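Asker: Using the sequences provided together with the hints, build the complete structure.
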Amino acid sequence: MKHLLRIALPVLVLPTLAALPMLANAQLTGNVALTTDYKFRGQDQDMLGKNDYAKTRGFKPAIQGGFDYAFGESGFYVGNWNSSVNWLKGNSLESDIYGGYKFKAGPLDMDVGALTYLYPGNSAGNTTELYGSASYTDETIGSFTLKYSHTVSKDYFNLAGNKGGSGLKGTNTGYLNLAYSKEIFPKVTLKAAVGYTNMSSDIRRLGYKSYVDYNIGASYDFGNGLSLAGSVQGANKQNAYAAVSNPGYDLGFGTFGKQTYSPNKARFILTLTKAL
1 MKHLLRIALP VLVLPTLAAL PMLANAQLTG NVALTTDYKF RGQDQDMLGK NDYAKTRGFK
61 PAIQGGFDYA FGESGFYVGN WNSSVNWLKG NSLESDIYGG YKFKAGPLDM DVGALTYLYP
121 GNSAGNTTEL YGSASYTDET IGSFTLKYSH TVSKDYFNLA GNKGGSGLKG TNTGYLNLAY
181 SKEIFPKVTL KAAVGYTNMS SDIRRLGYKS YVDYNIGASY DFGNGLSLAG SVQGANKQNA
241 YAAVSNPGYD LGFGTFGKQT YSPNKARFIL TLTKAL
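Counted the way this note's numbering counts, the sequence shown spans residues 1 to 276.
Since the hints were derived computationally from the structure, they do not count as laboratory data. Computed from a predicted structure; not experimentally measured. A few of these clues could be false.
[Said to hold, decoys possible] As a list, the in silico SDA-like pairs of lysine to any residue whose alpha-carbon atoms are at most 20 angstroms apart:
| id | residue 1 | residue 2 |
| --- | --- | --- |
| 1 | K209 | V194 |
| 2 | K182 | I141 |
| 3 | K265 | K163 |
| 4 | K191 | R41 |
| 5 | K55 | P247 |
| 6 | K163 | R204 |
| 7 | K104 | V78 |
| 8 | K154 | K104 |
| 9 | K169 | A124 |
| 10 | K147 | I97 |
| 11 | K191 | K169 |
Answerer: Printed below as a string of structure tokens:
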């Protein structure tokens with residue numbers, strides 16, 4: 001954990017702190033967070049352990065942070081979000097750059113834009129998506145958001161191995177997510193989401209399956225921008241994404257003791273966030 005903080009703090013926190021004088025302008029907002037396990041669409045983002053075998057423990061802490069800038073009342077915005085990660089050899093940072101346009105459509109809050117996931121240490125994981133979402137909020141029943149993201153880059157998080165010369169593509173992979181939130185007690189908000197990743201035909205050809213992910217939990221607002229969230233996150237189709245965690249022993253007539261771990265395994269995750 002100390003090693004993780006020593007590496008990630010300068011990258012994630014210092015740029016945000018440098019922007020603090022600008023946060024007086026309501027158009028610029030920021031946040032920093034600590035989490036016990038960073039999952040993206042139900043999958044662990046800290047996977048590489050000793051000798052690059054999969055980590056099996058549930059505590060895989062990450063430090064995260066970013067900012068958003070809104071261009072006045074125009075509806076246009078840009079932003080950046082970062083997290084420590086460890087699933088792509090040679091890389092330890094995910095840096096997301098995005099921009100879009102928000103507008104009203106009757107009772108719906110609409111949002112359309114583009115997002116690029118960058119992995120500076122190993123660009124094979126770089127992925128770009130276009131997205132669109134619609135949100136509806138009712139004081140009695142809560143808030144619902146339906147969002148769809150569509151991959152336009154040549155690969156989807158290196159699953160097709162395009163940059164490595166596989167000749168396959170992750171383009172047209174799609175992700176549909178439905179999220180719900182409702183304050184159920186003062187300062188306590190229930191949050192739940194379910195998503196579906198529809199892999200490109202090339203990725204499915206490699207044995208990776210389209211899958212459903214889920215996230216259910218609650219958050220507590222301490223005030224002054226500080227909140228703590230606890231949730232259970234995971235996904236199905238675990239065997240399709242299993243990685244070797246222990247190679248076992250080759251006895252000449254077979255391997256004994258070989259073990260695997262799936263990043264889709266359900267985990268209880270705590271996340272402490274400070275809005276700036």
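Asker: All hints, please: hold or fail.
Answerer: Hint-by-hint comparison with the structure:
no.: 1; hint: K209 - V194; verdict: holds, 17 angstroms
no.: 2; hint: K182 - I141; verdict: holds, 7 angstroms
no.: 3; hint: K265 - K163; verdict: violated, 28 angstroms
no.: 4; hint: K191 - R41; verdict: holds, 15 angstroms
no.: 5; hint: K55 - P247; verdict: holds, 13 angstroms
no.: 6; hint: K163 - R204; verdict: holds, 17 angstroms
no.: 7; hint: K104 - V78; verdict: holds, 18 angstroms
no.: 8; hint: K154 - K104; verdict: violated, 32 angstroms
no.: 9; hint: K169 - A124; verdict: holds, 12 angstroms
no.: 10; hint: K147 - I97; verdict: holds, 18 angstroms
no.: 11; hint: K191 - K169; verdict: violated, 34 angstroms
Comparing the model with each numbered hint stated earlier shows that hints 3, 8 and 11 do not hold.
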